[in-house]
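Protein chains: 2
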Amino acid sequence: MNPDQAYAELVRLSRDETVLASCLDVLDWDEEVCMPRGGVEHRAQQMALLAGLVHDRQTDPRYDDLLSTVEASSLVSDPESPQAVNVRELRRGFDRERRMPRKLVEESARVTALASQKWAEARKRDDVKIFVPWLDRIFALAREEADAVGYAETRYDALLDDYEPGMTTDRLSALFAHLQAQLLPLVDSLRGEPTPAPGHVLAREFPIDRQRLFAEGVAAALGFDLECGRFDIGQHPFCTSIGPGDVRVALRYYPRNFTRGFFALMHEVGHALYDQGLDPAHYGTPIGEAASLGLHESQSRLWENLVGRSHGFWRHFFPQLRSVFHEALHDVSLETFRGVINHVGPSILRVQADEVTYDVHIMIRFELERALLAGDLRGAELPGAWAELYQRYLGITPDNDRNGCLQDGHWSEGLIGYFPTYTLGNVYAAQLFDAAERAVGPLDESFAAGDFRPLRAWLGEHVYRHGQRYRVDAIIKRATGSAPDPSALIASLSRRYGSAR
Amino acid sequence: MNPDQAYAELVRLSRDETVLASCLDVLDWDEEVCMPRGGVEHRAQQMALLAGLVHDRQTDPRYDDLLSTVEASSLVSDPESPQAVNVRELRRGFDRERRMPRKLVEESARVTALASQKWAEARKRDDVKIFVPWLDRIFALAREEADAVGYAETRYDALLDDYEPGMTTDRLSALFAHLQAQLLPLVDSLRGEPTPAPGHVLAREFPIDRQRLFAEGVAAALGFDLECGRFDIGQHPFCTSIGPGDVRVALRYYPRNFTRGFFALMHEVGHALYDQGLDPAHYGTPIGEAASLGLHESQSRLWENLVGRSHGFWRHFFPQLRSVFHEALHDVSLETFRGVINHVGPSILRVQADEVTYDVHIMIRFELERALLAGDLRGAELPGAWAELYQRYLGITPDNDRNGCLQDGHWSEGLIGYFPTYTLGNVYAAQLFDAAERAVGPLDESFAAGDFRPLRAWLGEHVYRHGQRYRVDAIIKRATGSAPDPSALIASLSRRYGSAR
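Protein sequence lines, in the order shown, are assigned to chains U and F.
Sequential numbering of the first sequence, starting at 1, is according to the numbering used here.
Sequential numbering of the second sequence, starting at 1, is according to the numbering used here.
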């Protein structure tokens, strides 16, 4: 087989594998959004079977020969060409996957499908004991996974590398240390200051059906393509990309907590815009796929915070908001409203955290999941350890486990090493937003005019369309002029929250 | 491998195959109910890929050896044992599937996924030309399929046998001839009689959201298990069984056509009760699966007509109906209402046909699809042929193709040889209902008391729980004392519609 044929065959294998994996995405979405409870056992069997088949494809021994043939040819001489990028990333994925035993892949799919249900049940009943054995099981499987795929320094490296290629526990610890040094004093200074009691406005009633109407209208205005996607109600907000032309966002609204539902929408729409902006011609190959979870989170955090909390955004949307929620907002000014939604203070729930304390929630999870993975902490000890860290860093303690260690579903889905990508996302987002503004002029002005195209176009040009053409560090460097660095985030937070309050 | 091991391996293969096929059912349901339009191309790729994988399993060469090993053993000596039944039916399925070329299976999946969309589009725009090339393509694929699997007399036999094992075109033609001889005079006699103009009550407004509420309440009262199923809105009513604990019904309601939506619900719930009544312990093997499409349709038609149009049923539900739709029904009596919903007269749409003329709609389709399959009729000639037969048998002509040859989606999904199973369903349903009544006493009385358990329990005992333990003819014979025979249907229709009008 000549290199051209080998490359064509590689693309075919990669596309088939992606299409098959996308069937799992449909099952997963359906389980979260539609499936009746009685279907849970059967769904676990479906997922385990498909996950095994996907794994078979990922470890198809033909990859090795085909990759070797193309790697040795001139097809990969330009490292930015689709051929070179796809071969580089397919090699990386193949080398990882073939180290994963098929049984482990199937078992993980089976256990996480059931564990997600147990987590939901534990949360509903506020009974952590229902979930603890499943949590231990999931971390045991994660250890098996790390040992199977291998790592340089610590098992956590192996898991992290799956979400953020090239990132290590050491680099991440340094980044968190830098952030912590500057963030905790900022958090403390804000804790000391008298701030208006939050929530008095937001605890008013915002009828759910109207929240949904308003939020989906905003999403369409931001550029979410409803011909190629949909919105639903789920247990937990998430975005899933089934394939080109089918990107779905699930949300949850709360009648007396407008911000929780709304900023989750902004977050998930940020993810969706990235997915909808990938090049469909390259679907199913790395150059048509998102570069990393951290970069994906940068898009969600950027739209959630740097757009959704901005003055311009609300100059445009507040009049509409006030007319939709006349009873709740008729006596509230734009400035009061912005003050309330941007109020900073320690909170129990990550998804309700303000921008400043958000990364503290992540630090806590980063610390806990490393301990759980290392076996230094057992599932049964998690509630205590959780409470202790929240007390130490934020000065508060959750009333119950439902709002404590059961608040996030990530671990139940087997996502370990995922949380830090939220903070990486915040770091990248601040850098990207600054760079976009340098390039296209004051974004706040365009937001105030209801025009989100300049920002979206810049992100499309510098982030979306590249897929995995470059590694994340290089994408950030090329787009912003600097390597990933928390300084822009600190500066942005200090500028907006540190003074004049 | 000894026979016990071989049988265990057979069960494992069969279960895996069924679980994989059930993933296709999720994709199919999602396409009908949820998928955004932009996802259609990708969905076709997903379906084609999975259909190919299912076919690979169905034709796994290991089946042949394993089946031979068990067939030669004492495990199958009791023909009613799960072992004997599963081996008999797996052999039948295997011998059919291995004759189907993989390319044909994939191509059919791909074409029908796209054709369904084209059909919906053609229907929406009332432009049959959009669909004609796809119809021809589908019948060409059906000819290829018939030639691949083989047949005794005519290609149509090969397709029919897939839905109704053991049925032949000859037997079916004889059955239709018998029915036609007795039914057409009945239709004509009713056509001649002055009947109250229908629709004046039913053309009043029945708000859709309340129709949905009422209908789903009725479904729950009949015994549909909402922990193990769900209701949705779709383009076309259908029931799909994803697996044990997950049976879904999609419906469509019309603000000025209460009966259309409501009797579709009764129909689909009849299907769902059968699926929910199968033995979950045997899921994934023939003895845990429905015996035939005709028997499945007997359940839908039984609940739709013999329950849903009965006096007792409405004695129980009419007061509730009238309170839900007070404006439309405040001046309508139970007797008037029943007269209107049971009005007989020729209609353009099959799904709106009364019980008496319904089978005439099927005869027309039976005639047309045999001609299309034989190549005696081309897609472009279908609208004319359709109009001609409706004029000949029912004395009416559709105004447009949307309500003519585009009214049903079956052909677009590749379901050829499927329509006759509706009439078989009517034939079986009349026999089963009579037998149930002989066994448990006057059903109308229990319906009037809102108690549907006696009927459901009898059906569970004599139909649901058997799965494929017996062939359809034997199930009917054992349950009713007679072989399949249209006399009970004719008698039931004559008794209820032929006199005193």
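Certain hints may be false.
Each pair may be met inside one copy or between any two copies, as identical chains are not told apart.
[What the hints assert, rightly or not] With a cut-off of at most 20 angstroms between alpha-carbon atoms, the simulated SDA-like pairs for lysine to any residue come out as follows:
hint, residue 1, residue 2
1, 103, 374
2, 124, 342
3, 103, 9
4, 124, 227
5, 118, 227
6, 118, 228
7, 118, 18
Because the hints were derived from the structure by calculation, they are not lab data.
Since the structure is predicted, the reported quantities are computational estimates derived from the model, not experimental observations.
Outcome of the hint check:
no., hint, result
1, 103 / 374, "neither (23 angstroms within a copy, 50 angstroms between copies)"
2, 124 / 342, "neither (29 angstroms within a copy, 48 angstroms between copies)"
3, 103 / 9, "between (27 angstroms within a copy, 18 angstroms between copies)"
4, 124 / 227, "between (35 angstroms within a copy, 17 angstroms between copies)"
5, 118 / 227, "between (35 angstroms within a copy, 17 angstroms between copies)"
6, 118 / 228, "between (32 angstroms within a copy, 18 angstroms between copies)"
7, 118 / 18, "neither (29 angstroms within a copy, 26 angstroms between copies)"
Figure legend: structure checked against the earlier numbered hints; hints not met, in rising order: 1, 2 and 7.
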